[in-house]
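Student: The task is simple: from the sequences and hints, build the whole structure.
For reference, the chains in residue letters:
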Amino acid sequence: MKIGAGYRRELSAWIKARPPGVDCLEITAEHFFNGGEEHLATLAGQYPLFVHGLALSLGTPGPLDQKHLEQFARVVKVANPEWISDHIAFTRTVEADLGHLNPIPPTREMLNIIADHAREVSERCSKPMLLENITSHVQLTGDLRETDFLNRLCEQADCGLLLDVTNLFINSRNHGYDALQWLHEIEPRRIKQLHIVGYSRADGRYTDSHSTPIQEELIELAQAVVAYAPVQAIILERDEDFPDVPGLEGEIAKLKRIRDGN
Amino acid sequence: MTEIDFITAFGRLLRDGNLRDRFAANPQAVAEEIHLRRADWPAWGQLIPADVEFQAVVLLRKRLDLIKFLAPETCRRMGEKLWSVFHDYARASRPPDGSAKISDAFLFCRHLNAQNPEAVVASERNRLDFAVSKKRMALHRVQMPTGKRKASCGLQLFLRGRGERWREFFFYLGL
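Protein chains in written order, with our numbering: chain L, -16 to 245; chain Z, 7 to 181.
Hints are computed from structural coordinates only; laboratory data are not their basis. One or more hints might be untrue.
[Said to hold, decoys possible] With a Cα cut of at most 30 Å, we get these calculated DSBU-like pairs of lysine-lysine:
no.	chain 1	residue 1	chain 2	residue 2
1	Z	LYS107	L	LYS60
2	L	LYS50	Z	LYS87
3	Z	LYS140	L	LYS(-15)
4	L	LYS50	Z	LYS107
5	Z	LYS141	Z	LYS74
6	Z	LYS68	Z	LYS141
7	Z	LYS87	Z	LYS141
8	Z	LYS140	Z	LYS107
9	Z	LYS87	Z	LYS107
10	L	LYS(-1)	Z	LYS140
11	Z	LYS140	L	LYS50
12	L	LYS50	Z	LYS74
[Stated by the list, open to error] Some residues of chain L that are not near chain Z, with every Cβ distance over 10 Å (derived):
no.	residue
13	GLU(-7)
14	ALA(-4)
15	GLU21
16	GLY42
17	LEU52
18	PHE73
19	ARG75
20	PRO88
21	THR90
22	GLN122
23	ASN134
24	GLN164
25	VAL228
26	PRO229
27	GLU232
Virtual Cβ for every residue (Gly too), placed ideally from N, Cα, C.
Tutor: Structure, rendered in structure tokens:
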């Protein structure tokens, strides 16, 4: 099981120093849409990479944004990742770009929309596709239970699941359900990769600020996932308030604990 | 009138604070108002207004993060008032084209300028104004951002080449 971090410009010096325990990197595709391909090729020569999208907006009805897809495919070609990923969400509608991930209702119609889009991206990039669960402060209802929806989606799209442990924890706390029970309703063979980062609290809710250290309860949940499913990689997904090098090493050490179950 | 799907309707709700207020008062009336597909009414009726508002606030904070990047000094000057001022403005205001981040920053700075001109840093306002315009050139006299010198008079020049690319130059006047 590989351990790694989401590549961010603020972490470049640390990454360049080849920190021990970091086996791989996940790059955000959109960060390389306007240049940086040479640097990306250098990273690809130094680490196994995964390419993660933020704005393919797989949940938007209608055709994918082809310009965005072409830019995504170009990044994938340079990075040559083992797999690619994006979210079970929408970031734009036919009217506007909302600029952030938003939830989709677990309906059969949405199942077909996202499965078709995921297949299109996978075929265009010639890479296996993973789909990630998001944090949602709105609990949408539909024809299917969320876990049934995810299982059917992975089957129909022939893709894997990028399980964001933090998002699962946050949603379970905000919407009052058991995260472990949710986990055990998911087909384990589909869970290929994990995201993890500390959660935050705001206005009485749990939130995903991507800016805090991993809490112990997240480690325990992630360990349960690793014991249940054949996870191949865990990525630390820190976006803000980066700690110093000892702090980063401490976060990587937590990922090792998750992998080793101690 | 063409019916709209749930995603389009949900997107409108997340972007429009006034629509959310009407939704909280009467979800079905809003579904009729926006011509939501009948098949999507059950899901629409399950939406909890407080949850939708919280999700919408997440989007507003993302908008503000981009504005802080594009107009950092203006935002810094606002201090603790920044979020409340932006929230009150942005809840019902959004860029007309629905997508351009620079337009959002430009319109917010224009809103600030109308309420309190001293709140907006002139060089940042000029930059955003040029970015959203089609001008080939613009020249402004401004107080320069300085290191050791606190406030030097200077010229801020913008030049737009082919396509959308443009460059900015500062010239100290030494006055």
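Student: Provide an ascending list of the numbers of those earlier hints which the structure does not satisfy.
Tutor: 2, 3, 7, 10, 16, 18, 19, 20, 21 and 22
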